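Trainee: Now for the letters of each chain:
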Amino acid sequence: MREDPVSEMSEDDDRSPPSDLGGPASVTVSSNKTRNCTGVCGSGSSSIEFQAPYPDQVLENVLESVLYFLTSRRDRSAASLVCKSWYRAEALTRSELFIGNCYAVSPRRATRRFTRVRSMSIKGKPRFADFNLMPTNWGAYFTPWVAAMAKAYPWLEKVYLKRMSVSDDDLALLSESFPGFKELVLVCCEGFGTSGLAVVASKCRQLRVLDLIESEVMDDDVDWISFFPESQIYLESLTFDCVECHVNFEALEKLVIRSPSLKKLRLNRLVSIGQLYRLMIRAPQLTHLGTGSFSTLEVNAQGEQEPDYISAFSASKSLVCLSGFRDIWSDYLPAIYPVCANLTNLNFSYANINPDQLKSVICYCGNLQIFWVLDSICDEGLQAVAAKCKELRELRVFPVDPSEDAEGPVSEVGLQAISEGCRNLQSILYFCQRMTNAAVIAMSKNCPDLVVFRLCIMGRLRPDHLTGEPMDEGFGAIVRNCKKLTRLAVSGLLTDRAFGYIGKYGKLVRTLSVAFAGDSDMGLKYVLEGCPKLEKLEIRDSPFGDAALSSGLHHYYNMRFLWMSSCKLSRQGCREIARALPHLVVEVMKTDLEAEVGDYVETLYMYRSLEGPRDDTPQSVEIL
Amino acid sequence: MGFEETELRLGLPGNGGGGGNGSEVEVVRKRGFCETENVDLKLNLSSKEVTAGADATHDKAKSLINKEKSLLPSDPAKPPAKAQVVGWPPVRSFRKNMLAVQKNSSESSNQTDQKGINGNAVLVKVSMDGAPYLRKVDLSMYKSYQQLSDALAKMFSSFTIGSCGTQGMKDFMNESKMMDLLSGSDYVRTYEDKDGDWMLVGDVPWEMFVESCKRLRIMKGKEAVGLAPRAMEKCKNRS
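Just so you know, the protein sequences line up as chains A and B, in that order. Taken in order, the first sequence gives residues 1 to 624; the numbers are from this note's numbering. Taken in order, the second sequence gives residues 625 to 863; the numbers are from this note's numbering.
So that you can see chain A by itself, here it is in the shape it has in the complex:
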């Protein structure tokens, strides 16, 4: 009998900006086996003796009415466990379904249990797929899901997919199957092209949201923008900043003109600032704007008057979120000054600007809560942010030069400054080349509200660059002092001690990312034995082996997945896990080189599932 308390997989704060996705009320599908059902439900007292006609029916009606309002997936899961009646009522009233791992449950099972779903969220590949660590065609196909949904959910309105493989055919089926379809959000997806977008645009007549975020979109030479209906449309959000082909600008302009509800528009980098201007004056009601290239693509003819960009921004009084700047020509930067004071979200993560340029903008941004930026602004720029942005909740600093040998314009100085200036910080992602324990400790004390702490010291195995010590104490302080921490990514030179700290203090940690860290199996053991809330564990290039792997047997059914690549695992060790836990799918991924290495496991990806091994694996994946 497997001990499997139903736990929900949390939704981590891993959204691309501008992050206005409320996040669906996420729920997990619980296993039938673990529910303790009793025939009679009720609050435990004497409902059996109640004489009213059809008491169960009355109760069910009441239940459904109440449960209808329950949105938190944890609460829903808990409610479904009370008894059969509650299970049924909950299943009938769940309108937003979240599938954290598309292989944990089959489309059939999901659609059978939940029959009135209006919104689907499905996540596919694990995050390390983004970094070239998985074979192509690994899986996560949307096809079986959309096929099942087409039959089961004619009233479907929303689909949110992350790291799924979506084909044009899938999009076509989607467009035809759901007459009330309103929102499509594809994050980090691939497999489709502008052809698929064209079908969605033309057939989803109720479409309000079409957001493509960091997805690969093939260029099929289809002018998809022109496929939106000619009449006035309900479009509220259009995000295509990741689409790498030209869109028909005239068609886009006409589209904006006939979309009075449009609030969010994020253009791709092939839209010039001149074109941006034309769109902005048509849509002064925008709240979220992705500015495209923010430079001119053509050389202006001599004497030609440049549009008054400042006035366009001045007219956009509702703008709260700004992004884009894909090829920024810094001369144009002052154009955004008029909106800075109202901005809560600014994404400069593609804007290669220097500290002075950043300062010229940030001095106006007193209300900023979310800020994404490149390290080109240096520590000096971060100090300016710290001085001005007292409301900052989320900071992400990306490297202009994402290589190990780069110079690294930001360091512990910037981190320290941020920690002192932005006391309300909740989430940080920080790429750097050098760091000190002192700065990390300072942040742990100055920013007690931290929920997400992701530090990436790009040079592998780098110690504290002032003391030469490992980074153990810094991360130890983070888990110790940040009592709300749920997501942690570590880097730099780390010994088993760091993991000891994480196991001891990281009681709320749900997601942990480890790379090039630890000394021995003990490191992983500390974590698996110490972190009861751990749901997602991704490890690469760390010396953890089979013994460490088996120390987590008690916990793997509570996790969404475990990823271990380039560690010290053997086939035998993995097989033992697979044998011990029949509801775990243990995938081993091969490369060409493995032919020589035999028992060594290069990549392990394992996850709980109600369905057993999947049948759509590529050749490079083996399920033990």
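Check before you lean on any hint, since a few could be wrong.
[Stated by the list, open to error] A few chain A residues facing chain B, derived, Cβ under 10 Å:
| hint | residue |
| --- | --- |
| 1 | F69 |
| 2 | N137 |
| 3 | S349 |
| 4 | S565 |
[To be verified] With beta-carbon atoms standing in for the labels, derived distance ranges:
| hint | chain 1 | residue 1 | chain 2 | residue 2 | range |
| --- | --- | --- | --- | --- | --- |
| 5 | B | K844 | A | W155 | 58 to 68 Å |
| 6 | A | K254 | B | K838 | 26 to 36 Å |
| 7 | A | A251 | B | Q771 | 29 to 39 Å |
| 8 | B | K838 | A | Q619 | 25 to 35 Å |
| 9 | B | E835 | A | G180 | 50 to 60 Å |
| 10 | B | K844 | A | P260 | 44 to 54 Å |
| 11 | A | D223 | B | Q771 | 24 to 34 Å |
| 12 | B | K844 | A | E622 | 27 to 37 Å |
| 13 | A | D223 | B | G820 | 20 to 30 Å |
| 14 | B | Y769 | A | N354 | 46 to 56 Å |
| 15 | B | E835 | A | S550 | 53 to 63 Å |
Keep in mind the hints are simulated off the structure, nothing from the lab. From a predicted model like this one, the values you see are computed outputs, not experimental measurements. Glycine residues also receive a C-beta, built at the ideal position from the N, C-alpha and C atoms.
Here the structure of chain A is known, so what remains is to put chain B in place on it, guided by the hints.
Mentor: Here is chain B on its own, set in the frame of chain A:
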């Protein structure tokens, strides 16, 4: 399903999409899927290709960008301090590519000229009988018919093939089966050459093929029967 609206017409070469660099230079790395996978910087799939350079980047963003990436790998000025590791630092390819494009576009005067910089792209449209959409490939990215064949298989593996039904669903998700389908007798790869003739793919030396191919068509076997004689003749004429 009527896909009339999405019918594609032949556009001028150089319209968006398609580009990719031939990553001839591969840096030493601990592991990667490159040996098994093809140099597939196609529009279709997230390729596992490790392009050389400071980062083990993975060209998720296709089209123009890939052109510029070829400048990075062969850059001799960059000393390889350490063996580059796949996927480290953990910056999404999309972001890496964006920044690479910016670097290079600041060097070139006109962004729209980016495709011309490399000059090697041989973009051809690929259509497959029964598939509703066209694709584009850059032939300069491949060095052999096998590589092209594999790439095509991947590219079209997302389409339902004719009357395959549910088995077909499984098949088209299975890449190797797709390759069998394509390499089997059911489907024939043909191309239109500079003279406007339709030839069988594979008859002429690879380099000659790249030079003369204008577009590709994957036909159902029966329709390709008439091609053989003409192709043979041309071959004879050439050799």
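Trainee: Please go over all the hints and tell whether each is borne out by the structure.
Mentor: Checked hints:
1. F69: 38 Å, violated
2. N137: For N137 (chain A), the interface hint holds, since the closest Cβ of chain B sits about 5 Å away, which is under 10 Å.
3. S349: Cβ of S349 (chain A) sits 7 Å from chain B, so the hint holds.
4. S565: 8 Å, holds
5. B:K844 x A:W155: 58 to 68 Å: 39 Å, violated
6. A:K254 x B:K838: 26 to 36 Å: With a Cβ separation near 34 Å, K254 (chain A) and K838 (chain B) satisfy 26 to 36 Å, so the hint holds.
7. A:A251 x B:Q771: 29 to 39 Å: 37 Å, holds
8. B:K838 x A:Q619: 25 to 35 Å: 33 Å, holds
9. B:E835 x A:G180: 50 to 60 Å: 52 Å, holds
10. B:K844 x A:P260: 44 to 54 Å: Distance hint for K844 (chain B), P260 (chain A) holds at roughly 48 Å.
11. A:D223 x B:Q771: 24 to 34 Å: Holds: the Cβ-Cβ distance is about 31 Å, inside 24 to 34 Å.
12. B:K844 x A:E622: 27 to 37 Å: With Cβ atoms ~34 Å apart, the hint holds.
13. A:D223 x B:G820: 20 to 30 Å: 27 Å, holds
14. B:Y769 x A:N354: 46 to 56 Å: Between Y769 (chain B) and N354 (chain A), where Cβ atoms are some 50 Å apart, the hint holds.
15. B:E835 x A:S550: 53 to 63 Å: The hinted range 53 to 63 Å holds for E835 (chain B) and S550 (chain A), with Cβ atoms some 59 Å apart.
In terms of the numbered hints stated before, the structure departs from hints 1, 5, listed from lowest to highest.
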